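Number of protein chains: 2
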Amino acid sequence: MSSNPQQKRVSRQTWRFDQNVRLQSSAVAVGPKEGEGPLASLFDVIHDDMYASQDTWENAERKLMEDAVSTALKKAGVTGQDVDVILAGDLLNQNITTNFTAEKLEIPLLGMYGACSTSMLTLATATALVNAGYADRAVAACSSHNATAERQYRYPTEYGGQKPPSAQWTVTGAGAGLIGIGGTGPRITYATLGKVVDMGIKDPFDMGSAMAPAAVSTFLTHFQDTGREPKDYDLIVTGDLASVGYPIVKELMLAEGYDMDGVYNDCGLMIYTPDQDVFAGGSGCASSAVVTYSYIMDQLNRGLLKKVLVCATGALLSPVSTQQGNSIPCIAHAVALEGGQ
Amino acid sequence: MSSNPQQKRVSRQTWRFDQNVRLQSSAVAVGPKEGEGPLASLFDVIHDDMYASQDTWENAERKLMEDAVSTALKKAGVTGQDVDVILAGDLLNQNITTNFTAEKLEIPLLGMYGACSTSMLTLATATALVNAGYADRAVAACSSHNATAERQYRYPTEYGGQKPPSAQWTVTGAGAGLIGIGGTGPRITYATLGKVVDMGIKDPFDMGSAMAPAAVSTFLTHFQDTGREPKDYDLIVTGDLASVGYPIVKELMLAEGYDMDGVYNDCGLMIYTPDQDVFAGGSGCASSAVVTYSYIMDQLNRGLLKKVLVCATGALLSPVSTQQGNSIPCIAHAVALEGGQ
Numbered sequence: 312m313s314s315n316p317q318q319k320r321v322s323r324q325t326w327r328f329d330q331n332v333r334l335q336s337s338a339v340a341v342g343p344k345e346g347e348g349p350l351a352s353l354f355d356v357i358h359d360d361m362y363a364s365q366d367t368w369e370n371a372e373r374k375l376m377e378d379a380v381s382t383a384l385k386k387a388g389v390t391g392q393d394v395d396v397i398l399a400g401d402l403l404n405q406n407i408t409t410n411f412t413a414e415k416l417e418i419p420l421l422g423m424y425g426a427c428s429t430s431m432l433t434l435a436t437a438t439a440l441v442n443a444g445y446a447d448r449a450v451a452a453c454s455s456h457n458a459t460a461e462r463q464y465r466y467p468t469e470y471g472g473q474k475p476p477s478a479q480w481t482v483t484g485a486g487a488g489l490i491g492i493g494g495t496g497p498r499i500t501y502a503t504l505g506k507v508v509d510m511g512i513k514d515p516f517d518m519g520s521a522m523a524p525a526a527v528s529t530f531l532t533h534f535q536d537t538g539r540e541p542k543d544y545d546l547i548v549t550g551d552l553a554s555v556g557y558p559i560v561k562e563l564m565l566a567e568g569y570d571m572d573g574v575y576n577d578c579g580l581m582i583y584t585p586d587q588d589v590f591a592g593g594s595g596c597a598s599s600a601v602v603t604y605s606y607i608m609d610q611l612n613r614g615l616l617k618k619v620l621v622c623a624t625g626a627l628l629s630p631v632s633t634q635q636g637n638s639i640p641c642i643a644h645a646v647a648l649e650g651g652q
Numbered sequence: 312m313s314s315n316p317q318q319k320r321v322s323r324q325t326w327r328f329d330q331n332v333r334l335q336s337s338a339v340a341v342g343p344k345e346g347e348g349p350l351a352s353l354f355d356v357i358h359d360d361m362y363a364s365q366d367t368w369e370n371a372e373r374k375l376m377e378d379a380v381s382t383a384l385k386k387a388g389v390t391g392q393d394v395d396v397i398l399a400g401d402l403l404n405q406n407i408t409t410n411f412t413a414e415k416l417e418i419p420l421l422g423m424y425g426a427c428s429t430s431m432l433t434l435a436t437a438t439a440l441v442n443a444g445y446a447d448r449a450v451a452a453c454s455s456h457n458a459t460a461e462r463q464y465r466y467p468t469e470y471g472g473q474k475p476p477s478a479q480w481t482v483t484g485a486g487a488g489l490i491g492i493g494g495t496g497p498r499i500t501y502a503t504l505g506k507v508v509d510m511g512i513k514d515p516f517d518m519g520s521a522m523a524p525a526a527v528s529t530f531l532t533h534f535q536d537t538g539r540e541p542k543d544y545d546l547i548v549t550g551d552l553a554s555v556g557y558p559i560v561k562e563l564m565l566a567e568g569y570d571m572d573g574v575y576n577d578c579g580l581m582i583y584t585p586d587q588d589v590f591a592g593g594s595g596c597a598s599s600a601v602v603t604y605s606y607i608m609d610q611l612n613r614g615l616l617k618k619v620l621v622c623a624t625g626a627l628l629s630p631v632s633t634q635q636g637n638s639i640p641c642i643a644h645a646v647a648l649e650g651g652q
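In the order they appear, the protein sequences are chains V and Y.
Under my numbering, the letters of the first sequence match residues 312 to 652, in that order.
Under my numbering, the letters of the second sequence match residues 312 to 652, in that order.
Among the hints, erroneous ones may be present.
[To be verified] Residues of chain Y clear of chain V, computed beta-carbon distances all greater than 12 Å:
#, residue
1, Q463
2, G505
3, D572
4, R613
[What the hints assert, rightly or not] Here are the computed distance ranges between Cβ atoms for each label pair:
#, chain 1, residue 1, chain 2, residue 2, range
5, Y, E417, V, Y466, 47 to 55 Å
6, V, D609, Y, E417, 50 to 58 Å
7, Y, L531, V, E562, 52 to 60 Å
[Claimed, not checked] Below, a list of computed lysine-lysine pairs in the DSS-like style, where the Cα atoms sit at most 27 Å apart:
#, chain 1, residue 1, chain 2, residue 2
8, V, K415, Y, K474
9, V, K542, V, K474
10, V, K542, V, K386
11, Y, K415, Y, K474
12, V, K344, V, K474
13, Y, K415, V, K513
Since the hints were made in silico from the structure, they are not lab data.
All figures in this text were calculated on a predicted structure; none of them were measured in a lab.
Heads up, the beta-carbon is just placed ideally off N, CA and C, and yes, glycines get one too.
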């Protein structure tokens with residue numbers, strides 16, 4: 312009998328992975344500020360300058376993604392030749408970090424873009440392809456860099472523009488995961504894809520508020536589709552809602568009958584300490600990627616966490632669209648990771 | 312017995328679709344210049360101005376993608392609610408056309424970016440997800456717009472910069488395909504994913520030369536993986552190599568022992584007539600998308616073509632990367648379409 316397509320899906324938006332697909336290894340590379348944060352001991356590569364010994368910030372971001380992917384492969388004892396496909400994205404125009412990194416690694420590339428949701432967008436899609444047999448091994452990766460993102464999305468860093476407290480600090484870092492069937496590492500069991508949600512917010516310095524409803528939409532879909540509740544997870548994280556968006560999600564979820572208290576955190580709040588001068592907290596693709604592929608992976612592998620839901624949130628704005636008066640469309644993709652056998 | 316993963320793949324880069332997955336319907340929307348071209352009678356929507364009755368070019372591009380997707384759905388007698396996922400991308404920063412279109416259509420979004428290879432990148436990935444049962448129906452879509460692309464990638468149109476003859480004309484248009492199992496329409500049988508190929512070319516006004524080796528790389532992989540030869544296809548097209556890249560591909564393929572003569576064409580050469588003042592020919596995501604989702608679809612459905620291989624070529628440059636002295640990494644993804652039962 313051939314595969315029954317119904318097994319693969321719980322609903323329109325929620326995929327089930329039934330083939331013992333695992334996050335077999337992962338790695339992260341970060342910049343200096345992240346290297347001074349509370350999770351630093353779990354990071355694989357810490358560069359002590361923003362240039363990561365390269366000649367431009369853009370090249371530094373490539374180095375971060377390359378470091379993350381090559382370290383993840385090394386941990387698993389494989390090379391780029393053993394990987395069938397890389398699904399990756401970043402925040403730079405034309406996904407340029409991803410393109411150059413895939414070139415260097417010589418791995419067939421499926422380029423993806425979901426702003427800061429890219430971490431789970433790539434992990435979900437890579438897992439679906441592995442589960443279905445379209446790849447034996449796939450890599451999911453993404454990156455962001457504070458200086459490349461600032462000058463592209465807002466103002467060049469040298470301009471020294473003032474920011475309101477609702478602004479966030481783009482994480483300098485990259486994370487990569489190696490996905491395959493069997494072996495060790497957390498099982499990847501579900502993914503819930505997001506729809507674009509737009510509440511009419513137009514302020515690019517307040518992305519936490521813009522993204523919170525997208526996270527809520529994906530959480531509600533996930534819980535309804537799987538029959539799970541927040542308490543079925545040891546930890547639920549959003550990607551980069553930080554101190555503005557985080558309480559909005561808690562409140563909106565409670566209003567929908569889901570108490571997230573005690574189980575919910577945000578990667579943008581976990582990656583820095585409050586005294587690190589990061590406005591409302593971390594943001595960028597790397598916020599959720601770095602926390603997932605270091606701390607969460609470590610906790611799952613050590614049995615300290617059993618079930619984790621990572622919901623990566625993306626603000627799908629462009630400088631042109633906000634200047635033209637458009638609001639900020641947002642999206643969130645969630646992936647469930649489960650430790651043990 | 313559960314599915315045998317080996318059935319899904321021929322090799323690292325070539326996927327086989329074994330579940331009677333079909334391009335059930337497709338549609339295209341274009342601007343005025345394309346509406347005066349040789350394929351115009353096959354286009355679903357032709358806007359007679361570059362603004363498509365919108366207030367900005369960016370909004371016009373959204374209108375094109377929305378027109379293409381909604382017309383494709385209408386032809387199949389379904390609505391956005393019947394579609395599980397849209398895989399789409401465009402050339403604008405942050406994939407903004409795609410994001411706003413997915414919002415309007417209320418379909419869960421997997422955003423993708425592969426420059427002008429996005430047409431086949433999205434079709435290949437959507438087909439894999441449908442073949443595997445992760446979606447009953449998926450939409451693949453992409454768009455480009457001459458005026459939005461020119462001001463983003465090169466100079467604002469009003470600047471009136473001179474261009475060399477090797478430059479290409481970005482197609483204003485969008486194409487969309489509805490992918491599902493069974494029904495009518497051409498079968499989607501194989502996809503060959505590309506690796507990033509970089510021959511060191513740095514001139515953003517000569518993308519045909521930069522992209523040709525990526526097309527050759529994907530063609531060689533496809534023919535080796537499937538055991539097929541050029542003559543097994545009635546038509547093989549590249550996406551947008553135009554008059555500069557097209558003869559390079561023919562020559563390089565011949566040197567590798569594959570005679571493409573009589574079977575090979577390029578969408579960038581097919582979409583305009585030589586007297587339309589388009590430099591070397593058409594380019595942009597929409598070049599291959601518009602030709603595939605109008606002319607090729609029509610020919611396959613009418614039995615005038617039996618087997619077609621579409622190889623969409625993407626120049627993965629950014630204005631920042633070329634200004635920083637980087638060369639232009641390129642990629643090509645190919646999809647095989649077969650008519651009849």
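We went through each hint and held it up to the structure:
1. Not every CB of chain V lies more than 12 Å from the CB of Y/Q463, the least distance being 8 Å, so the non-interface label is violated.
2. Listed as outside the interface, Y/G505 is inconsistent with that label: its C-beta sits roughly 6 Å from the nearest C-beta of chain V, within the 12 Å cut-off.
3. The non-interface label for Y/D572 is consistent with chain V: the shortest C-beta to C-beta separation is roughly 29 Å, beyond 12 Å.
4. Every Cβ of chain V is farther than 12 Å from the Cβ of Y/R613; the closest lies at roughly 30 Å, confirming the non-interface assignment.
5. In this structure the hint that Y/E417 and V/Y466 lie 47 to 55 Å apart at CB is violated, the actual value being about 34 Å.
6. Our hint of 50 to 58 Å for V/D609 and Y/E417 is violated, since their Cβ atoms are close to 38 Å apart.
7. Take Y/L531 and V/E562: their Cβ atoms lie about 57 Å apart, and the range 52 to 60 Å holds.
8. This hinted pair does not check out: V/K415 and Y/K474 have alpha carbons roughly 31 Å apart, beyond 27 Å.
9. The hinted pair formed by V/K542 and V/K474 fails the criterion: a straight-line CA distance of about 37 Å is larger than 27 Å.
10. A distance of roughly 32 Å separates the Cα atoms of V/K542 and V/K386; the hinted pair therefore is violated under the 27 Å criterion.
11. For the proposed pair Y/K415 and Y/K474, the alpha carbon gap of about 37 Å is over 27 Å, so the pair is violated.
12. With a C-alpha separation of about 19 Å, the suggested pairing of V/K344 with V/K474 holds against the 27 Å cut-off.
13. Annotation: proposed proximity of Y/K415 to V/K513 holds, straight-line Cα distance about 17 Å (limit 27 Å).
Of the numbered hints listed earlier, those contradicted by the structure are 1, 2, 5, 6, 8, 9, 10, 11.
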